[in-house]
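A.B. asks: So the sequences go chain by chain: A and B. 249 is the number that UniProt numbering gives the last residue of the first sequence; the numbers go up by one with no jumps. 333 is the number that UniProt numbering gives the last residue of the second sequence; the numbers go up by one with no jumps.
One should not assume that every hint holds.
Here are the simulated DSSO-like pairs of lysine-lysine, each with C-alpha atoms no more than 27 angstroms apart in a straight line [to be verified]:
no., chain 1, residue 1, chain 2, residue 2
1, B, Lys220, A, Lys111
2, A, Lys80, B, Lys220
3, B, Lys129, A, Lys80
Calculated directly from the structure, the hints in this document are not laboratory data.
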Amino acid sequence: MTETTPLLQLDNIVKNYGAIEALRGISFDIARGEVLALLGDNGAGKSTLVKIISGGLEATSGRIVFDGIERNFTSPAEAKAAGIETVYQDLSLCTNVDVVANFFMGREIVKRFLGVPILQEREMQTVVEKAMANAGTRIPSMRTNVEHLSGGQRQAIELNRFVHWGGKLVLLDEPFAALGVEQTRRGLDMIKRIAAQGIGVVIITHIMAQAFQVADRMVVIRQGKVAGNVERAKTSPDEVVRMITGESL
Amino acid sequence: MSARQRAIIEFMLDNLVWLLLIVVLAAFSIGIPSYFQIGIFTNIIEDSTYVGVMAIGLAIVIIAGNMDLSVESVAGLTAMVTGILFCNGGIGLGYTMAPVEWLAIPVSLLLAIAVGGIIGFSNGLLVVKLRMNAFIVTLASYIWVRGLVLALSGGRSAQGMVPELRIIGIPIDPILLPPSALIAIVSFIGFSFLMRRTPFGRHITMIGGNPIATFRAGIKTDRLILVSFILAGAVAGIAGWLLAIRTSGATANLGVGMLFKAFAAVVIGGVSLKGGIGQLPGVYAGVLLLSAIQTAINLMGLPAHYTQLILGALVLAAMLIDTLKLQIRQRLA
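All chains, full assembly: derive it from the sequences and hints.
C.D. replies: Written as structure tokens, this is what we have:
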């Protein structure tokens, strides 16, 4: 496997619900370190596709090659173990505990004393502080409960945690829906930084301006098919909108 | 605000109930003649043993986001089992472990833990496997377990605990506290440690905060919830065992009313019924506070039903303080 093989290859993905064809042969690649905006009208099949990539649904037919290996995820846990994760707003943090506890959720550093596992708080805090500093995220105290942090800070914790634990491809579903202008700007910066570390990022969004601010490439889904797959530099918002609505040029 | 000031305020908020306890004890000591005595204070600690131990398990289940109403009846059952086996009078069978008589202590204790644990297990199984509402499941247990106590005893009582068990309830000379009170204190320390310093406690707290997130993070949420119910049952079993020793026997209605005190202590101690929030040392302070107030009422010669009025008012006050604490915290962040 070399750096030039795509991180994720989707090859003719089809998903049928009975007689209804939700996806009618989707094919595209995502490279390492690439930010891809997945666009499309409501009902175009974006959510179905995202669920198939992250293990929430199984495709009716087609091939998914991730990290050079053909995969057939049957659960989100499997996809997660391989390094693919969907970050949903507020679904993956426990707001009643602090940043450190959230960062290490289920993977705590322990030392056994007489067979009893004891949490190594200082060690864990050092790790989190380092990871946050590397990502340029500023949170006053790693011991603050997450409920007291802003939406942007929460998102930063989720993304940094994902990167720290070996995530390779992250899917962000409307990541800035609940954020303010300044937080959105920081969020977009953070996405660029994460991609710069060689991680693939898929953003599902309706907001064209955000897609053009951060994405390297736009993939437009329309009626279960890829209606457009263009580099940002070679397209314009107007063109993408026409792809989404299916208007002829 | 400096980080240090902030830390101090956070610490005070976390330990508000301890401050309250100190203030109340000081006020009673000044205001009520004969309150300020070693004997009174050791009595408060001794009196806190039973509700205290029961409140540990209740608090853990509530922190995990569930509810256990059965703890009182479970304590009643293990008290009755202990009473029937190790009492000489009434329906007691008067077993001894002769020639090694002290073995009665570990044997009866383990039996109480096992009986309580089994009921906790059945509660937990119904909640986790059948997705039944914990409130309803444990309400049913609250009723049927008390029914079992009545059936076992035939409504009669056991008296005259064998002496090798009674020593658990007799004060030790220099410290004026019986081993039972020490068992309660050691339990609080042990379980506080478990909740604060081990992955188990951390995960229980996180499940109470967001079960979906913890499940998605690969934490075995169902198993941990089941364990929390087993613990609550087992610990309630210990409370019943201690209760039987204190009263040197068991009646069919032993322990009735303890559930509400345990609940009050848990809430006053800062545990949120929404789950995910609360610490066990606070719960112990809550139990001590109730006991301190009860003692004051007794010393002042007020009718006993005043206790209930004050108990209710305290629970409401605890809720108000909880809201206030939340507002201060939000301002800090």
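A.B. asks: Does each hint hold? Answer for all of them.
C.D. replies: Okay, the hints, checked on the actual structure:
The suggested pairing of Lys220 of chain B with Lys111 of chain A holds, with an alpha-carbon distance near 20 angstroms, which does not exceed 27 angstroms. Taking the CA atoms of Lys80 of chain A and Lys220 of chain B, the gap is near 16 angstroms; set against the 27 angstroms cutoff, the hint holds. The hinted pair formed by Lys129 of chain B and Lys80 of chain A meets the criterion: a straight-line CA distance of about 25 angstroms does not exceed 27 angstroms.
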